[in-house]
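**Student:** Spelled out from the first residue to the last, the chains are:
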Amino acid sequence: MKKLTILIALVALSAFAFQAAFSQTANQLVTLEVKVVNKINISGPVSLTIDDAIPGGAGLQPVSNNATSYNITHNGSAAGKITAAINSGLPAGITLELTLASVLGTSKGIQNISNATVAIDVVDAIGRGKDATQMITYNFSATPEAGVFSSTVKTVTLTVTD
Amino acid sequence: MKKLTMVLAIGAMSILFIGFAYAQTATQSFHLAVNSIYKIATVGTVPDLTITDAVPGSDPTAVTDASTTYSITHNNKDHGAKITASLAPVLTGGYTLTIALGGNAPVDISTATQDAVGNVAAGASSAHAIAYSFSATAVAGPLASVNETVTLTVVGL
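So the sequence lines, in the order shown, correspond to chains Z and V. Here our numbering is used: position 48 in the first sequence is 48, and no number is missing along the way. Here our numbering is used: position 93 in the second sequence is 93, and no number is missing along the way.
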């Protein structure tokens, strides 16, 4: 019995030595990290001009534009949001509304951004992921009492945050 | 005449003895062996692979590094050898680390050991590029800095 035990031990040792002789390793340390990434961009500029009305009807004819879109990548919290702000407010009687479609989050629907110099939420509950080519819709309206509004460049800023 | 014959005989024997005294040989046997040798080593330190950016609408932008190298020596001339690569600890879903050794196609080592080089001929060589690519999906979210160990193993075929 003792001889058998010694024999088994020798065989096991031989097998180990055989394995060791046929391979060798080298280790390399790698440090991995993914930061919070919130990115958004917009496809292009928009031009909105009111130039018609139904006589005696409900004021000037509003115009809409949904030719642009936004892309978003968000890997932060599961409750991200997009806010919108305009660089300066519009005169009384001039109204600009914004709607952002969303798959990742929940659109807040039509939002009046005419005087949103402080950002307001337009999409919330954005989960982690990516959304491409989501529609941006602008509605531009004016009352006759507001008069003529000369062509003015305005900047709307969309911001994605956690 | 008899005396002369004896003198000649003694002279001849003396020459023979002198010959023995000036030449002698010895032999020695040698046991020579070259064992199987498999050696691999990495050179250089991999910089931190940190994902910080994305093209909006796409997953975060992958980061890469090819600043380190490996050296290898093995003498299995009959069958060759292969190099495997593994990662510990393994990565969770949504994070991917690939490695490409010496210009071979990248292999995904995020969760399992992979053959990184299929057949290395016997020999010694160095300065083979190690190329890493680290990527993540947006859905996977951020990943706190984590130290990982990549193990390269040269194995006889």
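For the record, the hints were derived by calculation from the structure and aren't laboratory data. We put the CB at the ideal spot given by N, CA and C, even for glycine. Incorrect hints may appear among the rest.
With the C-beta cut set under 8 Å, the calculated list includes, among others, these residues of chain V facing chain Z [stated by the list, open to error]:
#  : residue
1  : Leu32
2  : Thr42
3  : Ser58
4  : Asp59
5  : Pro60
6  : Thr68
7  : Asp78
8  : Gly80
9  : Ala100
10 : Gly103
11 : Val107
12 : Ala131
13 : Tyr132
14 : Val139
Which stretches of chain Z does chain V cover? Using the computed rule of at least three CB atoms under 8 Å from a CB of chain V, they are [to be verified]:
#  : segment
15 : 52 to 61
16 : 123 to 134
**Student:** Please go over all the hints and tell whether each is borne out by the structure.
**Tutor:** Okay, the hints, checked on the actual structure:
no.: 1; hint: Leu32; in the structure: violated, 17 Å
no.: 2; hint: Thr42; in the structure: holds, 5 Å
no.: 3; hint: Ser58; in the structure: holds, 6 Å
no.: 4; hint: Asp59; in the structure: holds, 6 Å
no.: 5; hint: Pro60; in the structure: holds, 5 Å
no.: 6; hint: Thr68; in the structure: holds, 7 Å
no.: 7; hint: Asp78; in the structure: violated, 13 Å
no.: 8; hint: Gly80; in the structure: violated, 12 Å
no.: 9; hint: Ala100; in the structure: violated, 14 Å
no.: 10; hint: Gly103; in the structure: violated, 18 Å
no.: 11; hint: Val107; in the structure: violated, 15 Å
no.: 12; hint: Ala131; in the structure: violated, 12 Å
no.: 13; hint: Tyr132; in the structure: holds, 7 Å
no.: 14; hint: Val139; in the structure: holds, 5 Å
no.: 15; hint: 52 to 61; in the structure: violated (count 0)
no.: 16; hint: 123 to 134; in the structure: holds (count 7)
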